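Read off the chains here:
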Amino acid sequence: MRWSAEVDGRLVECDVPGNASLAEALRGGAENTAVKVACGEGICGACSCLVAGERVHGCIYPAFRAYGQVIQTAASFADGPVARALVEAGGVQCGFCTPGMVVAVHSLSTDVPATEAGIRHALAGNLCRCTGYAGLVAGAVAGLQRLRAGEP
Amino acid sequence: MPSQAANYYRPQTPEMAVELLANLQGAAVIGGATLALGKLGGGRPSHLIDLCDAGLDRIGWRGHHLSIGATTTMRDLRRHPELSAPGLAAIMAMAGHFEPLPVAAQATLGGNLCTGVGSLVAPLLLYEAHAVLLGPDGERHAPIAPLRLHPGEIILSVELEPGSPMARSGCQSLRRTPVGPALVTLAALVDGDQLRLAVSGIEAPARRLRDLEGRWDRRSVAQWAESIAHVVRPIDDARGSADYRRAMVGVLAERLLKELLPTELREVH
Amino acid sequence: MSGMPLLDAADKAAGRAKYLTDFHLPGMCHGVLVRSPHAHALLEGLDPALALAMPGVLAVLGPDDCPPHDLPGEAFYGRNLMTRPLLWREPAWLGCPVAVVLAETADQARAAVAKVQVRYQVLPHVLDLEDALAKGAVAAHLGRSNLALPFGAITYESGDLKGVFSSAPHTIETTYHTSTVQAAAMEPYACLVEPGADGGLIVHKGTPAPYELRHQMAHWLGLRPEQVRVVVPAQIGGGFGSRMDDLEYVAALACRKLQRPVRLELERSEGLVAGRVRHGARIRVRSAMDDDGNLLAREIEADYNAGAHLDLGPYVVLRALRPLALYRCQAVRFSGRLVTTNAPVASATRGFGNPQATFAVESHNDELCRRFGLDPIEWRRRHLLRSGDKNLSVGVVDTQTGQFVAKGATISSCALDRCLDVVQGALSEPVGAPLEGWIRGKGMAVAMHTTGKGRNEISNAKVVLRADGGVEVHSGAPDQGGTGVATSLAMIAGEVLGLPPQQIRVVLADTAAELADSGAHASGRTYIAGETVRQAAEKAKQLRADGAPLPIDAHVAWSPQTNAPPFAACAAVVDVDPQTGQSRVVRLLQAIDIGRVLNPLMAKGQIQGAAAQGLGFALMERLDFTAHGKLLTRGLLDYGVPRTLDLPDLEVVFCGEPEPSVPLGVKGAGEIGLMAVAPAIANAIADATGARVRRLPMDGETVWRALNS
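Residue numbers (numbering that gives the first Met the number 0), protein chains in the order written: chain A, 0 to 151; chain B, 0 to 268; chain C, 0 to 708.
Chain A extracted, bound-state conformation (with noise of 0.2 Å):
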């Protein structure tokens, strides 16, 4: 079926199975190498993206659910103060939930809290095997820090 939405800025247009997951019709048709599947059940936040501003489990999400609507993956947020800040706390290893973790920050509604204990409850849906969150945690409550005073 043929498939469109915007993504990361940019209107694609692709050929995508109807029974596609959105993570497949992001990394297969749009090609787009952001949005990484894990687990495939919608458990590990390596796949996430926002659609029309919500986060979604990609590989969980039906890819023409999200027919015609804004996506963002990681691609969206590259280099921004989330992912500046998760680099610079060595939040950053085999980086394969990197991704997932920057766009579950850029999530996070307001009354998320900029702490440690705050970040820890909103990222319990993202998992890292390489960190042991440490650097993670530290790096996400820095971005979140950073993005909320308006850095770009």
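It is possible that part of the hints are untrue.
Said to hold, decoys possible - Derived, one-sided and incomplete: chain C residues facing chain A with beta-carbon distance under 7 Å:
(1) Ala8
(2) Ala13
(3) Gly14
(4) Ala16
(5) Glu266
(6) Gly480
(7) Gly481
(8) Leu600
(9) Gly604
(10) Gly608
(11) Leu636
(12) Arg642
(13) Thr643
To be clear, the hints were calculated from the coordinates, so they are not data collected in a lab.
Treat the numbers as computed from the prediction; the structure is a model and nothing was measured.
Every residue, glycine too, gets a C-beta built ideally from N, C-alpha and C.
Since chain A is already given, all that's left is putting chains B and C on it; use the hints.
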């Protein structure tokens, strides 16, 4: 929007969904799609019938029943004002288990019932809940534990009787791993001196412990907990032994009843 | 905390970095394995006709098309224990591959897998190590003993063990169990093989050992080594040792048949049983003491559950020697056995046999100290190895007799005393109060690991000063995900040449470069590949100083002389709910000796990441099977990879001095942070509850049982 092309469909009404289901080989109805697209459920369906526009996400009153639409998400359940009464706290507690996971915004009530081990089943049983199904032969009511759909049927909603405004309820569960399946889930409701109990995880299917229910008698909380542990028929598997599950339903019962019972009943002994 | 992030960190965070599963080659087709639904069976028939009629299907290969993997490795009693089928006639674990379906797309291949008609004769199976050792046990492989080593056990003995035990006033014996654990790297297991020049192959694979793989693959296919090119992707979504999974052999076979690029990529549910797992173990520890609680002699009997074939098992079980070697006493004895079962294949996994044994020995030491009323830290100070002591865990096995022969290596540097000071300080701080109804305890443990395999290690490096002023580092060593080999090598070369690491181009692990390297095993690459690069950079610098014209191409090959063990001491504060047995780690601090810390930011990350895996191993992670050998664990959802909420902030204090055996001064950082975590937690649980948990994972039920026994 290609709502009627190829193999993704987004019917505007439940009736259209049932008709599509009757006519498409290998189709699956999706609410949140967490089961159909997730790799836990085996093969991928060839057609997706997406209920997101079928108007099944409403919560409202139907007579004296509270009706919760099948595509209501866990997050919407948590946020809905009709569900904020203390009598419905058991449902809230289990819907809240999914927070802060992003899947809470996607997982639906209908999907939760379909898994067969859904965490909402035990709390819903407290309220004499039944499922409202729609199929080629029309609408019918069906028990939620076990929920048995006939071929071609979809879940429209779950209807329940919330009980009196004075009721208090709660639900606790215990898991081997933080987001793994519950070894034991216990839900309880106290309405005046009447007590209702339901379990899941420890038994399959989930069930009300009707033999024990009734008036809060002059037994202590500990004695009640012991009775509950006595009547369950625990599953025994590698996730958790029957011994442990039985002991844990007692522990959860003591904690839950202490939390729910009004002081005067709690302190009978 | 100073140091620098990985050079590719920004690309990874942006989603620009390409992993193997992001590669697409023109004409690429896809393979999906047909897996046995039985833990043990015999193939009675395999009919691909229906599958071949499915859209897009190109071929179906079965056992008849696939020679066994018979690598030219070490032979034990004349038999190579690592020989195994790749597509099995007698599938010996649930998920064991019996055939592969090749199709234009992965979805087509996956759909056709269900159509391959396989008839199985179901055989009795055995999953549990103790069941497999029982009298009259089911044979995991027809007609073979479950005790898989031809000589029964790998053994080591020194001193008069019998004499000391019979005359010692006190002995203590305890037995511990650990479970089968998954590395659960985030990127799915995958490989991509394409036709190469000269009738050969190009293998893209996140292997830790590209040159070894080339050697084995060429031998297996009857090709010359230079016809096989192994390229390790620059980015790998976590390895932890577990990527040596044989997928590339099946893909190579398919590629040669179809003469097209072939990719195999596993789904997570497949990966749970198809990747390599950590051996479950039963370990008995026996100690003899004098009246003051001094350790006189010690014996360890380790039985490791190898799963359906031995793989690297003989080397893994040998590493149960490390915690035995860590304490000085008059006499020691070691016996290590491998038990084949119908569980998933166990092999190299971060820690390589050491975490299981360290859990056992460090729990045992705590029991011993409690029995004698001794302070566990002071007791350890009395007995732990020091610099200059012999390290008996370095040596080789006589493949005829199974006797381990220690090489007489010495400990070149050891800062355990300082590590213990740090842990003692942390544990003397007030611990605060737990939640109502919970109880809080504190515990500690220590560990020793290795830097490199201790034998047969080699690295080759080239430092190139280009005519245009650019600088390149070429090394045969691969990165293994977040381990940061490329970044470390750039820092090391930069230090010598006076350049920022960002200005150095690092090229790793492409066998076309002919820079042989023994592989990213055993926490060894910064020490071994790093020292090699340092020497190459010095050589380039010297050539330049001597006036050599550009380009300068300085090549060095180097092999280490020792294994420079790193050390750890871990302090844990743990809360336990005595009613449910559930526990939570509220503080975890590790004092670490990895010699000079080259890059504190990333070294800390290695320790923290290992600690998180240690905590999962301690409290949660386990593959659960039904009595019928089916997997109950459905995916990461059930399995128990720790989340943000399951871990405290992981504290790391570096205590080491520069390691003297190399000018670089470093020791291995990749694994040492895992070892001491589980026993420190077990010891804290014992402190809180008075109950000793001798089985991992210490989930609610396991602790509850210990409390109620």
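Evaluation of the provided hints:
Interface restraint check: Ala8/C against chain A, minimum CB-CB distance 4 Å, threshold 7 Å, status holds. Proximity of Ala13/C to chain A holds as hinted, the smallest CB-CB distance being about 4 Å (cut-off 7 Å). The closest approach between the C-beta of Gly14/C and any C-beta of chain A is roughly 2 Å, which is under the 7 Å cut-off, so the hint is satisfied. Proximity of Ala16/C to chain A holds as hinted, the smallest CB-CB distance being about 6 Å (cut-off 7 Å).
The interface hint given for Glu266/C holds, since its Cβ lies 6 Å from the closest Cβ of chain A, which is under the 7 Å cut-off. Residue-level restraint check for Gly480/C holds (minimum Cβ-Cβ distance to chain A is 3 Å; threshold 7 Å). Residue-level restraint check for Gly481/C holds (minimum Cβ-Cβ distance to chain A is 2 Å; threshold 7 Å). Interface restraint check for Leu600/C: the shortest CB-CB distance to chain A comes to about 4 Å, inside 7 Å, so the restraint holds.
The interface hint given for Gly604/C holds, since its Cβ lies 5 Å from the closest Cβ of chain A, which is under the 7 Å cut-off. Taking 7 Å as the C-beta contact cut-off toward chain A, the hint placing Gly608/C at the interface holds, the least distance being around 5 Å. A least Cβ separation of about 5 Å between Leu636/C and chain A falls short of the 7 Å threshold, and the interface hint therefore holds. At about 5 Å, the closest approach between the beta carbon of Arg642/C and any beta carbon in chain A falls short of 7 Å, and the interface hint on this residue holds.
Contact between Thr643/C and chain A, as hinted, is supported at the beta carbon level, the nearest pair being about 4 Å apart and thus within 7 Å.
Figure legend: structure checked against the earlier numbered hints; every hint is met.
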